[in-house]
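Protein sequence lines correspond, in order, to chains A and B.
So the first sequence is numbered by my numbering: it starts at 1 and just counts up by one.
So the second sequence is numbered by my numbering: it starts at 1 and just counts up by one.
Just so you know, the hints here were simulated from the structure itself, not pulled from any lab data.
Computed from a predicted model, the values in this text were never measured in an experiment.
All C-beta atoms, glycine included, are put in the ideal place defined by N, C-alpha and C.
Treat the hints with care, since some could be wrong.
Listed next, the stretches of chain B that the computed footprint assigns to chain A, with coverage defined by at least 3 CB atoms under 8 angstroms from CB atoms of chain A [to be verified]: (1) 205-218; (2) 225-235; (3) 269-277.
Between beta-carbon pairs, the in silico distance windows are [as the list claims (entries may be wrong)]: (4) G70/A to S159/B: 37 to 45 angstroms; (5) G24/A to R325/B: 54 to 62 angstroms; (6) H131/A to G188/B: 35 to 43 angstroms; (7) G24/A to A145/B: 31 to 39 angstroms; (8) G271/B to A184/A: 29 to 37 angstroms; (9) V314/B to D187/A: 46 to 54 angstroms; (10) L157/B to G24/A: 42 to 50 angstroms; (11) L14/B to A184/A: 45 to 53 angstroms; (12) G133/B to G73/A: 27 to 35 angstroms.
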Amino acid sequence: MATVPTPEPAPTATVDAPLLDAQGVQVTIGGTRILEHADLRVEAGRLVAVVGPNGAGKSTLARAVAGLQGISGGSVRWSGDAVSDLRGRELARRRAFVPQRGQVPAGVTVREAVQLGRAPHIGALRRATRHDQDVVEESIVRAGVSAFADRFLTTLSGGEVQRVQIAVALAQQAPVLMADEPTAHLDLGATATLARLLRGLTQDGIAVILVVHDLALAAAVADTVVVVAAGRTVATGAPADILDRELLADVWRVDAALQTSADGHTALHVDWLHELAAEPGAGER
Amino acid sequence: MTLRQTTVLAVAALVALAGTVASLTLGAVSVPFADVWSALTGNMDDGPLKTIVLQLRLPRTIDALAVGAALGVAGALLQGALSNPLASPDVIGVTGGSAFGAILVIVAFPNVISLVPLSALLFGLVAAATVFGLAWTGAGGGSIARLILSGIAITALFSAGTMALMTAFPDRVNSAIFFLAGGLTSEGWDSTKAVAPYLIVGLVLAAILIRPLDRLALGDDVAASLGARPRLIRLGVGIAAALLAASSAALAGLLAFVGLVVPHIARMAGGRSGHTFVVPASALIGAGLVVVGDTLSRVILAPREIPVGPLMVVLGVPLFIWLLRKAV
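Generate coordinates for the entire structure from the input sequences, incorporating the hints supplied.
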């Protein structure tokens, strides 16, 4: 296993403040309330999975805490500092963000892409140092993309592109890595590879926030799941504790049960064709 | 930078240099290079040859190099910032605005014909400013689609104005054709000096934007999460490209093809699309293409001149097609 790009301590971190503490986050876009009231916390070495139905506000929550989307209420603090007080590059040293749909440009190699991850550490008039190059190489190895580091992005498979995106984020050396649906279009094998990679990062002390709709995957990799439904975080806790039949019925309107075994296997047993009786207000609480 | 990219830069620089020498020596009157050299170094006695070199050919050559470099850089910046291979100074309205500004003076106020470059520059910048104003205000401001659609709308508006002017003064349309086709003139230093400040500001801004532009490569979200400001970068690119393209139109009329094609030539020849390579390569290739094209336009039917715009299309298209077929 390669050496790990060590997260650099956040410059003005308040001692003992959680890496991320978001409370009562509210987002309004064009007059429409997308997020009503959402909480999200993460500590070093933990993996938090944000789950919920399509359109519940998972991605909006992720973008809002990442500082990519303005908030209309609540508070978002990175190591004690309000997100609105952090300038772009300072914020980029506290969290890396892998977006849902990354652009895949022509004529750019994997290594060149990963070098972009150093941007927050390189001043406007400075060149990349030997240290920057070392971090880029470490990130390439850590994300498992060294075999094709000199190929163009346009020649890679979907799973390979996602690992390159993770490598870009690792090069940022932020203590928190956020990924928005990184497995959305991947096959089983590529999904498992990515899951092992993200879980492995927590052992290196990195906190990971994973927005994901696959509940079996979330249950397998996450220390904590945060359930978002209709713009609110409705449940937070260990996957086996909170993803019970009632919650699945309430939030997703399906008759399903999550099974987790001690050896790490997880499965979602779904009665696909069984339509639950409509309960007024269910899933909207 | 790879060997291939260094080679592309070196070859482009050599072509531009050879074109410069040819432009200074060849024309209706051939001036031996030794005489050009002594004129440039101030060792020549006053006389017609000295006037030809210093007052006619030198400013024209500098114009050609500057116009080519400016259009190449403007195209490279816009294609990078808009993630769109079809982007050229046309899309931000500059070309349409400059054409209107020039034709306005040429057909409606021919007694102040010397104001053509200034009017082209001014209206080019006004058109671009209108496009940015439309594209950056309101919901979704600063997005690529808003910018391109605003550009198309404003270009259509100014083109209609140009057509209206040409219809209103049909007997003076002939003199407008040269500007629309694109071509340089041997009219001394006045327009070069008037346009130089805008050109220089545009080039400096372009140099500053090279690294921020690379950060847009993986999309706005990645750029923003890395601490860059995509919309601000795009606005900067728009301003730089507007200054460069409007200056070019002021000096050489409409040569939009250069801005579209040169960055593609740079990328296909160099095999990379990083802006630390594409922007300087586009400047050198553009400068070489225009200075060679302008020299040929004076030499082919000397002493008559053919407009360099169409000639450059004839020169550029085969090179472009050859590279396009090679690039897979």
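Hint check results:
| no. | hint | verdict |
| --- | --- | --- |
| 1 | 205-218 | holds (count 5) |
| 2 | 225-235 | holds (count 5) |
| 3 | 269-277 | holds (count 4) |
| 4 | G70/A to S159/B: 37 to 45 angstroms | 39 angstroms, holds |
| 5 | G24/A to R325/B: 54 to 62 angstroms | 59 angstroms, holds |
| 6 | H131/A to G188/B: 35 to 43 angstroms | 54 angstroms, violated |
| 7 | G24/A to A145/B: 31 to 39 angstroms | 34 angstroms, holds |
| 8 | G271/B to A184/A: 29 to 37 angstroms | 32 angstroms, holds |
| 9 | V314/B to D187/A: 46 to 54 angstroms | 50 angstroms, holds |
| 10 | L157/B to G24/A: 42 to 50 angstroms | 48 angstroms, holds |
| 11 | L14/B to A184/A: 45 to 53 angstroms | 50 angstroms, holds |
| 12 | G133/B to G73/A: 27 to 35 angstroms | 32 angstroms, holds |
Violated hint for the displayed structure: number 6, the only one.
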